[in-house]
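Visitor: Here the protein sequences come in this chain order: A and B. Going by this note's numbering, the first sequence opens with residue 1, and the numbers climb by one from there. Going by this note's numbering, the second sequence opens with residue 362, and the numbers climb by one from there.
It is worth saying that the hints were derived from the structure and are not from the lab. It should be emphasised that the depicted structure is a prediction, and the values quoted were computed from it without experimental measurement. Please note that the accuracy of each hint is not assured.
[Unchecked claim] Taking lysine to aspartate or glutamate pairs in the EDC-like style, the calculated list, with each CA pair at most 16 Å apart, reads:
# : chain 1 : residue 1 : chain 2 : residue 2
1 : B       : 476       : B       : 498
2 : B       : 500       : B       : 487
3 : B       : 556       : B       : 576
4 : B       : 364       : B       : 465
5 : B       : 364       : B       : 431
6 : B       : 364       : B       : 382
7 : A       : 255       : B       : 440
8 : A       : 261       : B       : 465
9 : A       : 255       : B       : 416
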Amino acid sequence: MSHNAIQDRPPVTTTTAVKHDPLRHARLPRWTPFAVAVGSITAAVGLGLAAGWHSRIQWGLVAATFFVLATYVITTKVEGSRQAKDRVATSLVWVCFILAVVPLLSLAWVTISKGLEVLDPYFLTHSMNGVLDAEAGGGVYHALLGTIEQVGIATLIAAPIGLLTAVYLVEYGGGKLSQAVTFFVDVMTGIPSIVAGLFILATWNLMLGFGPSGFAGAMALAILMMPVVVRSTEEMLKLVPNELREASLALGIPKWRTILKVVLPTAIGGITTGVMLAVARITGETAPVLLLVFGTKLINPNPFEGAQSSLPLYVYEQYAVGTDAAVARAWAAALVLIAFVMILNLVARGIARWKAPKTGR
Amino acid sequence: MAKRIDVSGLSAYYGAHKAIDDISMTVEPRSVTAFIGPSGCGKSTFLRTLNRMHEVTPGGRVEGKVMLDDENLYGSHVDPVAVRRTVGMVFQRPNPFPTMSIFDNVAAGLRLNGKYKKSQLSEIVERSLKGANLWNEVKDRLNKPGSGLSGGQQQRLCIARAIAVEPDVLLMDEPCSALDPISTLAIEDLIGELKERFTIVIVTHNMQQAARVSDRTAFFNLAAVGQPGKLIELDDTERIFSNPSVQATEDYISGRFG
């Protein structure tokens with residue numbers, strides 16, 4: 001019966017064909033996940049109330065567990081085990097997403113609602129000069145100015161060095177030196193910020209005898225920023241297709257011009273984003289600023305001489321004071337800090353989009 | 362200003378691995394020479410030794426002589442950057458610069474090499490785009506990005522970019538392998554026109570293409586995987602495809618292997 005053996009499918013009787021149609025099977029309606037979610041939240045809240053649990057986190061985790069289990073059981077019953085696995089994976093992704101977003105949203109919510117109590121134009125344009133700890137009033141201007149100057153100087157130091165290091169590693173490296181550089185960049189990524197601060201304190205302040213200044217803090221911040229810039233720029237440069245470098249070299253364009261005019265412009269969007277992320281990382285650093293910039297209540301626009309303040313340091317100081325007025329100022333300053341980083345990120349994204357290779361017709 | 366290429370005793374290495382072994386051949390000016398042969402036989406490597414692009418690959422190394430008229434490209438004081446201005450190259454996959462407009466892509470080789478006046482540049486860009494049979498399709502959108510063109514147009518843009526610097530020789534590494542038959546036809550017609558002005562060397566896997574566009578054909582082969590590639594024979598295209606002098610060439614062309 002070799003003739004039968006090569007048939008696509010065995011001949012089927014009409015009755016079994018209707019029952020086991022391979023392309024159709026029972027499907028749950030589209031609203032099932034929402035219904036299951038509502039059901040499991042209700043069940044978890046009911047259980048929590050009945051058992052007298054106080055922690056809302058516990059309610060949430062129980063609801064999430066109910067949701068995943070209920071999805072699995074219902075889908076297995078109706079759609080079969082393969083679809084059940086698929087739906088469980090989908091619902092796990094959703095649950096993890098919500099678990100990740102809830103702390104973020106609550107953090108933003110608390111900071112905004114508490115910060116807005118004090119935040120006004122007066123707060124942004126005045127320093128703490130002559131303001132007593134317990135008394136309301138005063139502002140964040142000196143700290144904002146200090147943060148902008150310190151982060152600006154740190155970026156001016158770290159971004160060019162980091163960028164050139166990455167260009168060396170990707171475009172010229174390959175030998176022992178580049179291996180060593182990569183290794184030390186990795187080591188630098190792991191330096192605790194207080195150690196960077198102590199290093200500058202030991203060399204710049206104690207050995208060379210300079211006093212506290214915004215510049216000293218900026219140097220410590222630059223040490224923290226550099227490896228992040230190197231790493232992100234390196235990854236971006238590696239993404240530039242080799243064909244573009246070859247196309248440029250084959251036109252008789254020297255290597256340095258190829259890097260400057262072809263490689264860097266192609267990667268500039270990603271590089272900008274990387275530098276901005278590094279800026280965001282150092283903006284929130286407190287430890288080196290505490291050691292090197294020292295903190296002050298006064299406006300000191302000169303980053304090269306005398307103590308300055310900075311936003312994270314200001315938040316720390318005000319919180320340490322502990323009076324109602326000071327804590328309110330700490331929240332407002334935290335809000336200013338978050339907004340500052342957020343605005344920087346938006347600017348970076350704007351630049352990245354503006355500079356990214358265009359694909360339109 | 363097409364020039365003759367005279368290669369003698371050329372071997373190329375990737376680190377310790379010898380990719381091509383002792384190749385000697387002459388490429389006539391104002392003609393199209395096609396390189397055919399199985400994958401890995403060193404056609405592309407050999408092509409890249411002709412404008413010193415081989416040494417761009419880490420570990421790439423060359424022994425032997427490549428004479429362009431009477432200048433040895435591998436002579437001691439020869440600047441590879443200057444060589445690449447004289448010997449242009451078009452790659453397998455169209456690779457316009459994504460950050461640049463169509464105009465800037467064509468002008469890239471000139472602009473990145475020296476100072477040109479704007480009027481001078483637009484004249485050269487127009488001439489090059491006309492030379493690459495692309496002018497009519499893009500003349501209204503010279504400021505749009507080059508990556509928005511179709512694959513065939515992008516490849517012609519790359520050819521325009523290569524001929525804008527007025528090289529003496531144009532190397533093409535499977536220029537049509539990523540293109541559809543219509544775009545391929547456009548490029549082949551273009552090659553026929555370009556050979557009036559340039560010496561053209563083209564690597565291709567498509568034997569009909571070699572038969573259609575080339576005046577002379579070189580067959581490369583390798584004894585076994587891992588062995589260096591060798592030049593088996595170089596002759597007039599008609600002879601290679603009708604009555605080759607080596608059995609291996611006939612086997613390859615008639616599809617008995619490869």
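Visitor: State the violated hints by number, sorted upward, taking the hints as numbered earlier in the document.
Guide: 1, 4 and 6
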